[in-house]
Amino acid sequence: MNRLVELEHISKAYANKSILHDVSFTIFKNQVTAILGGNGAGKSTILRIVAGLERPSSGKITYFSKGLKIGYIPERFPKHLRFTPGEYLSYVGKVSGIPDAELKKTIAHFLQRFQLDKWNRQRIMNLSKGNIQKVGIIQAILQTPELLILDEPVSGLDLHAQKELLAVIKELKEQGTSILLTYHESTVFKPIIETAYYLDKGFIAKADLTKREPIKLLEVKQIDESRVKQWDEVLYTERKADRLLLYVHVEHSDRILFRVLQLKGSIDRVITIDHTEKFNNKYI
Amino acid sequence: MKELIKYSLHDYIRSHRYFPPVSAFFILVFVYYTYTSNPVIDSYALTAVTLYVISAWICISVLALDPPVQKQLMLLHVKGSNRYYIAKFISVWLISLILAVYAFLYPVVFNLFNEPVTFTIGVISFMNHMLLATLGISVASIFSNSLMKNLINSYGGLALLIVISIAALGIYDVLPASFKNIVWVIPPAIGTQQSLTNWSGESILHLSIVPFIWVIIYSLILLYVFLRLVKRF
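Protein chains in written order, with our numbering: chain A, 1 to 284; chain B, 1 to 233.
Among the hints, erroneous ones may be present.
What the hints assert, rightly or not - For the chain B half of the interface with chain A, some residues (derived, Cβ under 10 angstroms), not all of them:
| id | residue |
| --- | --- |
| 1 | Met1 |
| 2 | Asp11 |
| 3 | Ser15 |
| 4 | Pro20 |
| 5 | Ala24 |
| 6 | Ile27 |
| 7 | Thr36 |
| 8 | Asp42 |
| 9 | Leu46 |
| 10 | Gln70 |
| 11 | Gln72 |
| 12 | Leu76 |
| 13 | Lys180 |
| 14 | Arg228 |
Stated by the list, open to error - Here chain B is said to cover these stretches of chain A; the calculated rule only asks that three of the stretch's residues, wherever they fall, bring their Cβ under 8 angstroms from a Cβ of chain B:
| id | stretch |
| --- | --- |
| 15 | 47–56 |
| 16 | 160–171 |
| 17 | 261–269 |
Rather than coming from a laboratory, the hints here were simulated on the basis of the structure.
Ideal Cβ positions, reconstructed from N, Cα and C, are used throughout, including at glycine.
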């Protein structure tokens, strides 16, 4: 496989707060690579570094294509733009060097495809969240990019737009585009992902999406999180308000529940999860 | 570049942020000429210094126009920060050009001078407007939100430096001899005014052009420093 971008020992810190630690991975040509992980894991920072919008604090990033054409779909496309979608996309296309005639056709095609044509008289600042996100998607694919970077791209999109985006990604891939994306809720991209990495608190590990071991999610209360983190059986913890979410393999769940009760904690609910991609390669 | 300038101007007009600085300039020029009749060189020197302040104001607001994510996207599309920022500077410069034309023509059209405006005085005075506008743009760039994230540092720092630069001659007079050279680092907003007020206006050969050249050099240095620094952010 041909390499397109390679990150070696990338670290990033903002004002002494460390975001990424020694992250290394490779994006291959014509491949779909996903970075998975929870909120605040550092996914967006990695994407911005790959896009060249941020400099890493240390480490090396190598681009194997000169003048690499990058399309970038941010997690939150700016919502206060004073242009209509058509005006904005026209400016973006022109500054990117797309010839006028081709640009007009491309804009009309994508506006129709993402059902934005009927909103084209409104300024972006007056559009709904989903429609603003669609403008964010179109600006990145106006000029077929060599690398398309998508940061949580389906956030706020309706089902039709999600399917359309998936179709566009498949088409771009057929044309040779490499895809780098992040998500943590949607499952729409799962079928097309070829390489996945799991990011947790700035550390990266390769994830195997093919393994599908059943996992139990235990929602507990009144328990000391630091004690729970010492239990090897717990794959991952998350704090949600006063609840602590514990992810454990099915065979260990009874033992963990018993320990929770021993520590005078209360159990809110227990759920079996059928996909485990974020846990089977937990960072160690 | 042309499209980037159009984008920048289009966005600025739609934002209506031009209204405070532009209307302030129109009103100030109108007020300056309320009393007639006025000396040509001194009056133009005063409107040029006013344009220096207004251009700085416009520049800092134009550079703050794009939200951070939008700025990142445009930088990605134009492939590099130099083109993006130079387009912004040209946009501000074009707005300043319109203001300079107004400042130049208003007293001529309404016959508010006590003498005719000769070709030489006209050209030098108009050039002085544009030079000080460029200086205002370059000074504002250093204090823009591209380099300073804190609004108080950004607007406060710019306002303070502009006041210092206008009061540079007074500062020079009160400084002890060993500190007088410090004035060279202050933006030379007032140097050309001093040169113009000492000029008879008869021949360009009698005009000291060093302050004008220093404004050009100073502005270019600041713009270069800005373009270098902004790549690190």
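Going down the list of hints, with the structure as the test:
1. Met1: Result: holds, 9 angstroms to nearest chain A Cβ.
2. Asp11: Constraint on aspartate 11 of chain B satisfied, holds at 6 angstroms.
3. Ser15: With Cβ-Cβ at 6 angstroms, under 10 angstroms, it holds.
4. Pro20: Status violated, d = 17 angstroms.
5. Ala24: Constraint on alanine 24 of chain B not satisfied, violated at 22 angstroms.
6. Ile27: This hint is violated: isoleucine 27 of chain B lies away from chain A, its Cβ roughly 26 angstroms from the closest one there, beyond 10 angstroms.
7. Thr36: The hint is violated - threonine 36 of chain B has no Cβ within 10 angstroms of chain A, the shortest such distance being about 42 angstroms.
8. Asp42: violated (41 angstroms)
9. Leu46: violated (35 angstroms)
10. Gln70: holds (4 angstroms)
11. Gln72: holds (5 angstroms)
12. Leu76: holds (6 angstroms)
13. Lys180: violated (39 angstroms)
14. Arg228: Violated, because the Cβ-Cβ distance from arginine 228 of chain B to chain A comes to roughly 14 angstroms (cut-off 10 angstroms).
15. 47–56: n = 5 at 8 angstroms, threshold three: holds.
16. 160–171: This one is violated; 0 residues, fewer than the three required, reach chain B with a Cβ under 8 angstroms.
17. 261–269: Three-residue rule not met by the stretch 261–269 of chain A, so violated; n is 0.
Consistency note: the structure conflicts with the earlier hints numbered 4, 5, 6, 7, 8, 9, 13, 14, 16 and 17.
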